[in-house]
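S.K.: Here are the chains, one letter per residue:
Number of protein chains: 2
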Amino acid sequence: MATGKQDLDRLLPIEGVKIAAVQAGVRYANRYDVVVMALSAQCRTAGVFTQNAFCAAPVVLARQYLQSSQGRARYLLINTGNANAGTGQQGMADARNCCQSLAELTGVSADQVLPFSTGVIGERLPAQKIVAALPGAMDALQADNWLMAAKGIMTTDTRPKGLSVSLEHQGQRITVTGITKGAGMIKPNMATMLAFVATDADIAQELLQNLLRTAVEYSFNRITVDGDTSTNDCCMLVASGASGVVIDETDSDLLAQFSDLLNNLMIGLARQIIHDAEGARKFVTVQVNGGADSQECLKVAYAIAESPLVKTALTASDPNWGRILAAIGRAGVADLNVDLIDIYLGDVALVNQGGLAPDYTEAQGQSIMSQENIELRIELGRGQVSETVWTSDLSEEYVRINASYRS
Amino acid sequence: MATGKQDLDRLLPIEGVKIAAVQAGVRYANRYDVVVMALSAQCRTAGVFTQNAFCAAPVVLARQYLQSSQGRARYLLINTGNANAGTGQQGMADARNCCQSLAELTGVSADQVLPFSTGVIGERLPAQKIVAALPGAMDALQADNWLMAAKGIMTTDTRPKGLSVSLEHQGQRITVTGITKGAGMIKPNMATMLAFVATDADIAQELLQNLLRTAVEYSFNRITVDGDTSTNDCCMLVASGASGVVIDETDSDLLAQFSDLLNNLMIGLARQIIHDAEGARKFVTVQVNGGADSQECLKVAYAIAESPLVKTALTASDPNWGRILAAIGRAGVADLNVDLIDIYLGDVALVNQGGLAPDYTEAQGQSIMSQENIELRIELGRGQVSETVWTSDLSEEYVRINASYRS
Chain H
24 MATGKQDLDR LLPIEGVKIA AVQAGVRYAN RYDVVVMALS AQCRTAGVFT
74 QNAFCAAPVV LARQYLQSSQ GRARYLLINT GNANAGTGQQ GMADARNCCQ
124 SLAELTGVSA DQVLPFSTGV IGERLPAQKI VAALPGAMDA LQADNWLMAA
174 KGIMTTDTRP KGLSVSLEHQ GQRITVTGIT KGAGMIKPNM ATMLAFVATD
224 ADIAQELLQN LLRTAVEYSF NRITVDGDTS TNDCCMLVAS GASGVVIDET
274 DSDLLAQFSD LLNNLMIGLA RQIIHDAEGA RKFVTVQVNG GADSQECLKV
324 AYAIAESPLV KTALTASDPN WGRILAAIGR AGVADLNVDL IDIYLGDVAL
374 VNQGGLAPDY TEAQGQSIMS QENIELRIEL GRGQVSETVW TSDLSEEYVR
424 INASYRS
Chain C
24 MATGKQDLDR LLPIEGVKIA AVQAGVRYAN RYDVVVMALS AQCRTAGVFT
74 QNAFCAAPVV LARQYLQSSQ GRARYLLINT GNANAGTGQQ GMADARNCCQ
124 SLAELTGVSA DQVLPFSTGV IGERLPAQKI VAALPGAMDA LQADNWLMAA
174 KGIMTTDTRP KGLSVSLEHQ GQRITVTGIT KGAGMIKPNM ATMLAFVATD
224 ADIAQELLQN LLRTAVEYSF NRITVDGDTS TNDCCMLVAS GASGVVIDET
274 DSDLLAQFSD LLNNLMIGLA RQIIHDAEGA RKFVTVQVNG GADSQECLKV
324 AYAIAESPLV KTALTASDPN WGRILAAIGR AGVADLNVDL IDIYLGDVAL
374 VNQGGLAPDY TEAQGQSIMS QENIELRIEL GRGQVSETVW TSDLSEEYVR
424 INASYRS
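Protein chains in written order, with the working numbering: chain H, 24 to 430; chain C, 24 to 430.
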């Protein structure tokens, strides 16, 4: 199951970035499982990585290489089928080996190849298979291959995920294209998935990193499927500069415009993950308003978004406001005055001042809950801060998938 | 589904406590749904209540009455089928009304009747039906009715839960008997369920409260089914003094003996809840050793015990150590050195120093995971503190139950 539309809009190529997806047989035959993104020498790359204390070998290496090469990555080397996580020193050697091979093949230094892996944890990476597939990948590099790459990085995803946006500035066009993968083991801190985003804007390394951090904070760090943070998550942002448009602090309007564009693209990608959440029947927006600070809004939003009882009620299209109240009540907000709390389901007032709203009818609630897109709005009445989190329901299919897939 | 044995051992009567269970038709016909426990004038009662900010009306009232009557409760009035939660001022009036009626019927003051409700949230309590059932309950009071009471407080429970323990002291016997209910919406903070425990020991109010608090901390506050804390949880401890044995600080040996007895009874009751967890196929003990403090041990234990991915792997009898590692890694322990971590599945070393244990075989892991009782032991290598938490798996049946039951 998944929610939302099936088809991907066209993904626009980014000048300075070429892509190939090939079949290396990492875990399964006849499946595109190795993706190479080749970046021009002008490209600058920023990255944000998982906060999980158990980092997979490629995450450790990509973070290290990004630093030592000062963002001058020339290749992103991505495989699915094997996460190269929990593999110790052997895993580090295998990841290094793959990067080294591609570096030798292309004449760049090893730390200009950043590795990314997703798939089963705890099995040795078949580095040989990946290395063997690299010459074929070099031959297949093309600018217009984003869709293929989006397919090539899928694991339990049921559909490829990507988005392109652009803006005009003084007759010149800037484009941003991104792809992402992820369907389970999804929870912020950061970005519990892989995402690769590129733009043809010209952006210096430090600003690029700041733009990425902000965009991730309000997109991938605002989604949850099951509260489980993976060991392999990375989100990379590449700026090729090929459009000739420079983004920097001298033109703050353009910077703000670009930042909005990037944030919206990231939010769009993050939402696609939730649409494709394992076993999802519902796409749920949890908006918490009236908080004293961001942290308490997020506590309430995640208590709701990760409550198995709220999530199973969502699956059942049951407007079970008692479970929502109970989740808010245990969210750990100090001195919460429950008599100030309102809850809205779409436009319908469900709870008013901590009790059932006087005009609410079960038929109203049912009618909204039976839709695929559900908006829950909580008013805390404590201040002016708002936060929004996106999540899915918890269905029998989620259990079926995760009781059979060895992730 | 449930795990462990089906049958309840005999529950021993406690002199000074009489019990009746009657059919009041609160939600369903032909079901014992109102339980009255009548306490002798010598009884002292202690209580611990839910930490959820949304407290049900009976919780608010029971806490208040327990204080104003200084623990001299004469009746505990329990109903299932309706939690009287999220019912505002009306709910308070309904709860007060029930207590007042029983007080008038029996000639005690209203604050000597403590109300407890469990069941559906957000619907008005049918106080009339409960009041109408009270005279019949008075006629049915008997000392040996604990099993009937255990059945009378069930909601989604598939079996009654109770335990009796006793000890001899200088030729005199002290007995403790307790019953509990709960199967979903189970998570500490405190005691996400109802429990009623009585002893014939003679214990002053303040000590009784302290003994209860300690016992709850290591029993009901160490279990989780789904991380959802309910709005109605209460655990009450009654001491009738009828045995003539005084427990106080003058005989510290006896006090320690009794405290152990009580703690073990409470742990036994808490474990029964986990055995009967909604949809449970597995009874899982998560022991975390080698922590620097209790809090970090509990963070790790709960990250594992509440991870949907670990729980679905348990359902599938899959020794998926990658998911356990990932849960530990996101538990939020500062400066966690993953290279020190060992994981044991029963007696089998699964992870050694952060990587797969060299001698581990999948067959070993599978063989232990296929059992009903599973013990996970995590060694953090940071200090000397240990904590143990009990949990269940996450099965399709859990989703089915909670996608249909309106709790």
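Some clues are possibly wrong.
Residues from chain C shown here face chain H by an in silico Cβ test under 8 Å; the list is partial [stated by the list, open to error]: (1) R54; (2) L170; (3) G377; (4) A426.
What the simulated footprint calls covered on chain C by chain H, stretch by stretch (three residues with Cβ under 8 Å from a Cβ of chain H suffice, anywhere in the stretch; the number is not a length) [to be verified]: (5) 101-111; (6) 330-341; (7) 408-414.
Just so you know, the hints here were simulated from the structure itself, not pulled from any lab data. Note that the Cβ used here is the ideal one computed from N, Cα and C, for glycine as well.
S.K.: All the hints need checking, so say for each whether the structure fits it.
M.R.: Comparing the hints with the structure gives:
{"no.": "1", "hint": "R54", "verdict": "violated (21 Å)"}
{"no.": "2", "hint": "L170", "verdict": "violated (29 Å)"}
{"no.": "3", "hint": "G377", "verdict": "holds (7 Å)"}
{"no.": "4", "hint": "A426", "verdict": "holds (4 Å)"}
{"no.": "5", "hint": "101-111", "verdict": "holds (count 5)"}
{"no.": "6", "hint": "330-341", "verdict": "holds (count 8)"}
{"no.": "7", "hint": "408-414", "verdict": "violated (count 0)"}
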